[in-house]
Amino acid sequence: MSVLILAEHENQKLKPSVAQLVNAAQCWKQTVHVLLVGNDLAAAAQGAAAITGVASVMCVEAPHLQHPLAEDVANIIVGMGREYSVILAAHSAFGRNVLPRAAALLDVEMVGNVVEIQAPATYVRPIYVGNVFATVRSKDPIQVVTLRASRFDMADIGNNAEIVNLAPPPASAKTRWLSEIRNQSDRPELGSASVVVSGGRSLGSAENFESVLAPLAAKLHSALGATRSAVDAGFAPNDIQIGQTGTVVAPELYIAVGISGAVQHTAGMQDSKIVVAINHDPDASIFQMADYGLIADLFEAVPALTAALP
Amino acid sequence: MGDLMKLLVAVKRVVDYNIKVHIKPDGSNVELAGARMSINPFDENAMEEAMRLKEIGVATEVVAVTVGTAAAQDVLRHALAMGADRAILLESADVLEPLGVAKLLKILVEREQPSLVLLGKQSIDDDTCQTGQMLAALLDYGQGAFISTLNIENGEAVVTREIEGGTEKIAVALPAVLTTDLRLNEPRYVKLPNLMMAKKKPIQTISAAEFGIDVSPRLALVKVADPPARKACAMVNNVQELVEKLRSEARVLP
Ligand SMILES: Cc1cc2nc3c(=O)[nH]c(=O)nc-3n(C[C@H](O)[C@H](O)[C@H](O)COP(=O)(O)OP(=O)(O)OC[C@H]3O[C@@H](n4cnc5c(N)ncnc54)[C@H](O)[C@@H]3O)c2cc1C
Ligand SMILES: Nc1ncnc2c1ncn2[C@@H]1O[C@H](COP(=O)(O)O)[C@@H](O)[C@H]1O
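Here the protein sequences come in this chain order: E and R.
For the first sequence, position 231 (counting from the first letter as 1) is numbered 231 according to the numbering used here, and the numbering increases by one without interruption.
For the second sequence, position 161 (counting from the first letter as 1) is numbered 471 according to the numbering used here, and the numbering increases by one without interruption.
Simulated from the structure, these hints should not be mistaken for laboratory data.
Take these hints with a grain of salt, some might be off.
Stated by the list, open to error - No farther apart than 20 Å at their CA atoms in a straight line, the calculated lysine to aspartate or glutamate pairs in the EDC-like style are these:
1. Lys273(E) <-> Glu554(R)
2. Lys219(E) <-> Glu554(R)
3. Lys533(R) <-> Asp435(R)
4. Lys541(R) <-> Asp283(E)
5. Lys555(R) <-> Glu252(E)
6. Lys139(E) <-> Asp524(R)
7. Lys364(R) <-> Glu496(R)
8. Lys174(E) <-> Asp450(R)
9. Lys330(R) <-> Asp283(E)
Take the sequences, apply the hints, and build the full model.
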């Protein structure tokens with residue numbers, strides 16, 4: 001039996017989460033296969049084949065898979081799935097969409113958002129907005145699991161695994177892809193950035209959000225994040241929301257600017273290595289999550305911090 | 311279907327989002343006795359969207375359903391107060407996981423034959439985010455998960471949904487299963503008179519056992535614990551001190 005990893009890629013590039021999943025998968029001590037679904041997969045397949053620990057890369061390519069739908073990807077997994085004892089994906093918007101569908105078709109329960117694999121079927125996952133960590137043991141014959149990829153180190157590069165092409169099943173007759181909007185930014189990708197500067201509703205406007213935080217982000221080569229309140233107020237695009245309902249980040253450095261520290265927000269950043277909080281309210285609960293706290297007006301402190309950096 | 315569009319909305323009873331739960335002293339589970347319970351926030355968005363579809367004449371009937379014990383009737387009352395026409399309690403004393411809930415809901419969908427099933431994207435207790443996608447799979451319906459806009463056009467649900475770094479638009483043929491994100495809408499405030507009125511509306515109770523399917527848990531809860539503790543926060547007096555600490559102590563700056 002082997003482990004199947006559903007890989008994510010974008011613009012022909014493999015996402016860093018794949019190397020993290022490959023590393024995590026080693027605990028099963030089984031051969032590891034990586035599944036790529038899309039169109040024009042050559043470069044991503046090369047990337048996956050280079051990850052140490054990968055035995056085969058399975059590619060399912062077709063024009064209609066350019067924007068893979070859950071219906072199609074789940075069908076592909078289920079077509080292959082009974083050969084595997086473990087099926088893994090990242091706990092991203094993509095993994096969360098596809099894997100539960102595949103799990104139900106295989107008649108197994110899924111274990112989501114795993115932060116630690118204690119033993120081959122024993123997992124730790126946060127519940128209650130990250131306030132509680134539950135250890136669960138699965139009794140299912142096939143383990144279908146999404147991992148919080150940032151909690152796992154990356155596997156090394158330097159492999160040359162075989163690449164196998166599989167025939168695509170017919171496209172879903174039920175769902176059609178129409179269009180997408182990707183928010184353009186030359187900043188690092190939020191989910192894997194090593195520094196994140198994040199702002200709250202206190203920034204007051206979209207203009208302030210940009211003019212106060214962007215120069216700091218530029219100096220730190222960081223991604224920008226936001227609270228839900230900042231997103232709801234229209235100060236920041238919704239794909240940079242961090243938290244229970246947004247992206248989960250685990251950077252080396254997280255700078256929370258004018259953020260109160262609601263659990264729904266901290267659920268998305270509690271794995272960060274070093275947390276800095278800047279808030280003018282000494283009682284703000286974000287300070288309980290922080291390593292370094294500065295009680296100050298953000299409109300003075302952030303420009304000063306930006307200026308103090310090389 | 312078509313001009314007689316019925317909607318089914320799944321609502322779950324969960325610990326209120328303002329409550330910080332505690333762990334039982336023996337670490338076997340969280341302590342829920344006495345905790346304030348509410349409708350799962352995402353399910354309020356699902357209910358709100360259903361009511362809007364009814365108000366614009368797209369939907370004719372909105373049926374709310376919950377799977378749980380008799381205590382879960384209070385979230386059905388909430389749904390009725392928001393405007394649901396009917397409410398169904400699928401009564402089950404079992405500890406349910408998403409797959410089990412999806413299997414029960416599947417049978418109810420086959421009985422009720424709605425054109426659209428709306429669920430929340432995730433429950434805020436177990437934070438699983440699975441039931442809708444599983445239900446869609448079991449029914450062999452198309453799915454629109456994590457939606458932030460919805461329009462019904464020519465027998466399809468046209469939705470905007472969350473993807474990494476943006477959004478996509480897809481069209482899902484009806485009948486379909488959709489799961490709602492918080493930004494889909496702003497749920498209406500439930501007024502006291504509506505809540506009083508909802509108390510008088512009947513709730514249909516169906517015993518889940520009647521469906522005769524095995525919903526026994528596939529996961530065993532080994533233990534629960536507090537999240538890893540963070541070390542105490544060091545307060546700094548000014549920006550210079552902060553930069554100095556980040557450089558020499560935390561070593562996250564060059
Ligand atoms: C089901 C559910 C899911 C949710 N999911 C998320 C999620 O994924 N992500 C998320 O972020 N939220 C989420 N929320 C919302 C969350 O509960 C909080 O409301 C939100 O995080 C608060 O955002 P905020 O810190 O920007 O605003 P506030 O709570 O209003 O805090 C603003 C802070 O800024 C400080 N401040 C104000 N002015 C200044 C100044 N000039 N200088 C310095 N400090 C200043 C204030 O002291 C305060 O602490 C969710 C809520 C629910 C119910
Ligand atoms: N016991 C339940 N009764 C009714 N609906 C449920 C139940 N459990 C889950 N759901 C629905 O499924 C959604 C997603 O839940 P989950 O998969 O647990 O995160 C919820 O927002 C509800 O709409």
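Status of each hint after checking the structure:
1. Lys273(E) <-> Glu554(R): Answer holds: Lys273(E) to Glu554(R) is near 17 Å, not above 20 Å.
2. Lys219(E) <-> Glu554(R): Roughly 16 Å between the alpha carbons, so the hint for Lys219(E) and Glu554(R) holds.
3. Lys533(R) <-> Asp435(R): holds (16 Å)
4. Lys541(R) <-> Asp283(E): holds (17 Å)
5. Lys555(R) <-> Glu252(E): Holds: Lys555(R) and Glu252(E) sit about 15 Å apart, inside 20 Å.
6. Lys139(E) <-> Asp524(R): holds (15 Å)
7. Lys364(R) <-> Glu496(R): With Cα atoms ~16 Å apart, Lys364(R) and Glu496(R) stay inside 20 Å; holds.
8. Lys174(E) <-> Asp450(R): Answer holds: Lys174(E) to Asp450(R) is near 9 Å, not above 20 Å.
9. Lys330(R) <-> Asp283(E): It holds: about 18 Å lies between the C-alpha atoms, which stays within 20 Å.
Violation of the numbered hints given earlier is absent; every hint is satisfied by the structure.
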